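Use the sequences and the hints to build the structure in full.
Chain order of the listed sequences is F and E. Its first residue numbered 0, the first sequence is counted upward by one per residue in numbering that gives the first Met the number 0. Its first residue numbered 0, the second sequence is counted upward by one per residue in numbering that gives the first Met the number 0.
None of these hints come from the bench; they were simulated from the model. All figures in this text were calculated on a predicted structure; none of them were measured in a lab. Even glycine gets a Cβ: it sits at the ideal position worked out from N, Cα and C. Heads up, some of the hints might be wrong.
Stated by the list, open to error - List time: in silico DSS-like cross-link candidates among lysine-lysine, alpha-carbon distance up to 25 Å: (1) Lys157/F to Lys160/E; (2) Lys157/F to Lys12/E; (3) Lys160/E to Lys160/F; (4) Lys157/E to Lys12/F; (5) Lys119/E to Lys77/E.
What the hints assert, rightly or not - Computed list of chain E residues with no C-beta within reach of chain F, every gap over 10 Å: (6) Gly35; (7) Ala132; (8) Phe151; (9) Ser158.
Stated by the list, open to error - Below, a sample of chain F positions facing chain E; criterion: calculated Cβ distance under 10 Å: (10) Ser8; (11) Pro9; (12) Ser23; (13) Val26; (14) Thr118; (15) Lys160; (16) Pro172; (17) Phe186.
2 protein chains.
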Amino acid sequence: MDLILASQSPRRKALLEQFGLTFSVQVIPTTEESAGNPLYVARENASRKALPVSLANPGCLVLGADTIVTLDGHILGKPVDEAEAREMLDFLGGREHEVTTCVALCSNGQVRREFSETTKVQFRHLTRQEIEAYVLTGEPLDKAGGYGIQGFGGLLVKSIKGCYYNVVGLPMPSLAEHLRELGIEVFSRK
Amino acid sequence: MDLILASQSPRRKALLEQFGLTFSVQVIPTTEESAGNPLYVARENASRKALPVSLANPGCLVLGADTIVTLDGHILGKPVDEAEAREMLDFLGGREHEVTTCVALCSNGQVRREFSETTKVQFRHLTRQEIEAYVLTGEPLDKAGGYGIQGFGGLLVKSIKGCYYNVVGLPMPSLAEHLRELGIEVFSRK
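In structure tokens form, the structure reads like this:
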């Protein structure tokens with residue numbers, strides 16, 4: 000069964016490539032949910048991304064995913080500008096937040112698997128200079144919560160509890176298990 | 000101050016590059032300690048790697064590091080062959096082990112900073128087929144504990160508690176803080 004990634008995220012694409020998957024990318028623009036219970040929002044968005052692509056590609060398995068960052072019940076989206084990025088990083092510094100990624104695997108317009116994973120991320124205490132230097136790398140702007148753990152943002156993180164890849168954008172170990180059950184092998188012999 | 004990495008590990012080199020550090024690599028072969036208290040072994044090896052290089056390069060800061068994998072007090076080294084790799088992975092499956100990286104920062108034949116970090120790593124339950132498929136990727140052979148979290152081995156890991164980069168081979172966030180205190184900036188403006 001052919002796999003299609005219904006996401007524009009370069010990080011998700013890189014993760015699937017890193018683990019040896021063969022896939023194509025296809026995105027059909029959709030309205031994203033942004034209000035409500037965080038888990039509901041992420042599940043809803045994951046399937047909204049995948050379902051239309053699965054309808055347009057009968058017989059293919061389509062992967063939709065949504066990653067949300069929450070602290071004290073607030074969803075931290077992607078900062079719209081540097082000022083908001085600074086604010087978010089200041090809010091995250093010295094605290095533990097949660098990163099939840101929901102995954103929807105769809106085919107022929109139906110959700111076949113839906114699962115989510117949450118990782119707790121503890122940030123170091125950040126100085127004003129550190130926040131400033133990080134914002135100036137340009138990394139925060141297109142990322143939920145204003146940081147990317149796989150880039151320079153990794154230096155802001157003291158420790159995590161849970162799956163690392165989940166924070167990058169896809170919970171690869173559990174995704175691999177689901178894909179395997181659906182007949183798609185994730186890594187093969189070199 | 001120029002930075003020298005006293006390690007042959009391609010993973011450590013990649014980590015320093017990923018975070019924008021400028022450095023050279025220089026290795027002076029030394030006898031490694033392998034018996035005794037795990038923390039003692041790792042500290043001893045980290046400074047044994049760095050000290051001779053620092054003597055040969057006056058005025059440079061030399062980074063030595065050693066990563067050890069332990070389960071129930073046993074140190075799991077690098078498997079010598081596929082059979083031992085299978086054994087180690089079978090031992091790790093379904094359990095939590097610890098990965099400790101010790102770092103020694105030396106100059107002019109003296110240890111200037113020495114610190115270590117431990118990350119707990121929980122493996123998924125592994126089937127015989129999974130172990131077999133992973134061993135056949137060739138990844139286990141040159142890695143302590145028989146897996147690499149940054150490669151296909153990441154799929155074997157259910158969750159971690161602590162620093163992710165520490166499991167790859169260097170605790171980058173704390174290393175960055177130490178380097179900054181010694182006058183070496185870890186990431187700079189793009």
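- What hints, given by number in increasing order, does this structure fail? 7, 8, 9, 10, 11, 12 and 13
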